[in-house]
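2 protein chains.
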Amino acid sequence: MSAISFKIEGRLKNSLGRAGIITTPHGVIHTPGFSVVGTQATVKSVTPAQLKELGVEVVLANTYHLYLNPGPDLVAQSGGLGKFMNWDGPTITDSGGFQAFSLGAAFGLKLSKIGKFDRSVSFETDLGKGDSLATITNDGVKFRSHLDGSEPFFTPEKSIEIQPQLGADIIFAFDECTSPLASYEYQQQALGRTHAWAERCLEAHKKLPSASPQALFGIVQGGRSQDLREESARVISKLNFEGFGIGGSFNKDDIQTAVGWATKILPEEKPRHLLGIGEPEDIFKAVAVGIDTFDCVIPTRLARHGTVFTKQGKIAITNSQFRTDLTPLEPSCSCYTCTNFTRAYIAHLFRTKEILAITLASIHNLYFILNLMRRIRESILGDYFEKFRDEFLANYTT
Amino acid sequence: MSAISFKIEGRLKNSLGRAGIITTPHGVIHTPGFSVVGTQATVKSVTPAQLKELGVEVVLANTYHLYLNPGPDLVAQSGGLGKFMNWDGPTITDSGGFQAFSLGAAFGLKLSKIGKFDRSVSFETDLGKGDSLATITNDGVKFRSHLDGSEPFFTPEKSIEIQPQLGADIIFAFDECTSPLASYEYQQQALGRTHAWAERCLEAHKKLPSASPQALFGIVQGGRSQDLREESARVISKLNFEGFGIGGSFNKDDIQTAVGWATKILPEEKPRHLLGIGEPEDIFKAVAVGIDTFDCVIPTRLARHGTVFTKQGKIAITNSQFRTDLTPLEPSCSCYTCTNFTRAYIAHLFRTKEILAITLASIHNLYFILNLMRRIRESILGDYFEKFRDEFLANYTT
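Chains as they are written, first to last, in my numbering: chain Y, 1 to 398; chain H, 1 to 398.
Worth flagging that the hints you see were computed from the coordinates, not collected in a lab.
Among these hints, one or two may not hold up.
Given that identical chains are not distinguished, each listed pair holds provided it fits within a single copy or across any two copies.
[As the list claims (entries may be wrong)] Derived pair list, reagent style DSS-like, types lysine-lysine, alpha-carbon separation capped at 30 Å:
| id | residue 1 | residue 2 |
| --- | --- | --- |
| 1 | Lys353 | Lys158 |
| 2 | Lys238 | Lys7 |
| 3 | Lys353 | Lys142 |
| 4 | Lys238 | Lys387 |
| 5 | Lys44 | Lys206 |
| 6 | Lys44 | Lys83 |
| 7 | Lys13 | Lys270 |
What you are looking at is a predicted structure, and each value in this text was computed from that prediction instead of being measured.
Chain Y extracted, bound-state conformation (with noise of 0.2 Å):
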């Protein structure tokens, strides 16, 4: 029994890029489409009302996150996460498995899922060096909760146990997401694990009751080798699951290339998300490889840091030129903040530390992103997406 559909309603004519339709028991996800993230069962700052205004579709919390606090027990209590928060749309949960590259190899070191990458950093030698907070075995990933000292020990089963709690739309195979600075062989071992555990959570996911049924999808991991990405997607495209996503880091100079190994491979009619990734450079490039949805901390986190997203590229709001500027952040923004708001108010908001400025920075890059990618998908069905693209690309600096 499916507990989602899709529907491809438009493809590109010389790539694998593609526009279509989700159907979740809780509603439709557009594609390509943006999932906004609420990792502790908020959208840091905006209320649901807000998002609901801002046209967002799809919300993805961390189990591992709600697994801490407030527990699978009280979120099954309230009804699951999308009655926890007050969120009535399509939900999505990850699976855990992030939180072995970020609280594991990534932890107390500045990486993150893109970049370019030292290559001349040894992520052996690294490893030790920020205080990890997990420790895996092909078993699974014993964390170290940052909370309150507590191991919580993450298998493939244990994921697959909490996730249904939750009670999601969508949630994810249990996967080891390694560091960009790994060896290969470290990548051949780590990826043996996650295609061991991709056929664990499929097991257990079937001894499941059929009620409330959550679909369940497998994910590519491979880091940003060929071979091990494009043997990924051959094993994890076999099994049964209901979409894909595509995990791991990627170099921002061939995200698109990589992005396709996995693509090109992975089966035509199901859904593929691309976990963790939303700057519109690269939202761009792994649409144009057959991306279906994404979500990413980017638009909320920067907004808290006062960043945020105009046609021309990102600009910090606290820059001294903006103090007196009486003009929007994006003067051809529709969203609630750029329709009722100067820059200097903003600037001020935030030169005074007040919370509203999170807030209103937040509904716009969120705006922003969920906005690029209605017009994103409308080039795709109107065939016009490279032209988009590239008149988008040519104001945007990254």
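Following the hints, put chain H in place on chain Y, whose structure we already have.
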């Protein structure tokens, strides 16, 4: 030329209490009414759209804070306080006189405007202990900015220069708000200054261009001494103000009596505002002796600390008993927070330090007080004020 008008619509039979309507250039204020506080041109953590939804009618901002940041020139260039913060309803600014207290005698000490003050503590000896940021002379108040160490000098004329730049509908005369611990002799001297400054404010106000008229309110001071309060009410009521504020500190036990000393003398036909008071029990007492409007930071300040109003009194939502409580903050409440979220969810947000916690708690606390004001007003118009008050307070633990 009057900037505002005030119409009394109903009166209590055995007291000075009344219900009415203040009409300003930006809309009406139903009285008894509550002005939310937007110190820095923002009601902390709440958008103007949410204020509208809450039924807020009027916002009060602080002249001293806006003078420092972003400065009155920018507010004026933005079209005034209302346009700057995107609030199209009535606005009020205070005069900066309150900061003579909050940054002067009260600075570094734990002094509030209302409480049970320890008479054994001497104002004169304790004054030096708090590192005061305000020095008071007969000409005005010299502040030391907590932001940049600059030393703005506020005089009556300066206040009546800045407030027109901010452009609120109702503005206040510059006064000296004294400490509850000040001696009788000090209160006398301060009162002399406040009265002299009131006349200087009126003089300065008369010289302003008649465009965009603002209603200037005088302030009655006099601490907690009956003769000083009565003297102040007599002096101030004879001056040509469009309304009156009652400032200074009060004792929880005798606030009704003390406010009544002033309201008995103030002319009936002009509106009376009680500055900085806003707990439910104090609102009832002040309404009974003829206060028309209130302003107070209490609803939003408490919210930021996780304390919320219920019909039974205030509760700290982070108490462990609410961790799994799936009921609303106040089951009978119709606000956005209570109709959509549980205590358990809001407790989770506070525990995980999510900004949305503050927004949701602020929305509820503001609604609670605004709704209380609406019900008080109805009870006056329907002639059941005492019954409503007694029933409310019988359940409400202060």
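Verification of the supplied hints:
no. : hint               : in the structure
1   : Lys353 with Lys158 : between (41 Å within a copy, 27 Å between copies)
2   : Lys238 with Lys7   : within (20 Å within a copy, 77 Å between copies)
3   : Lys353 with Lys142 : between (38 Å within a copy, 25 Å between copies)
4   : Lys238 with Lys387 : neither (35 Å within a copy, 73 Å between copies)
5   : Lys44 with Lys206  : neither (34 Å within a copy, 49 Å between copies)
6   : Lys44 with Lys83   : both (17 Å within a copy, 27 Å between copies)
7   : Lys13 with Lys270  : within (19 Å within a copy, 74 Å between copies)
When held up to the earlier numbered hints, the structure conflicts with 4, 5 and fits the remainder.
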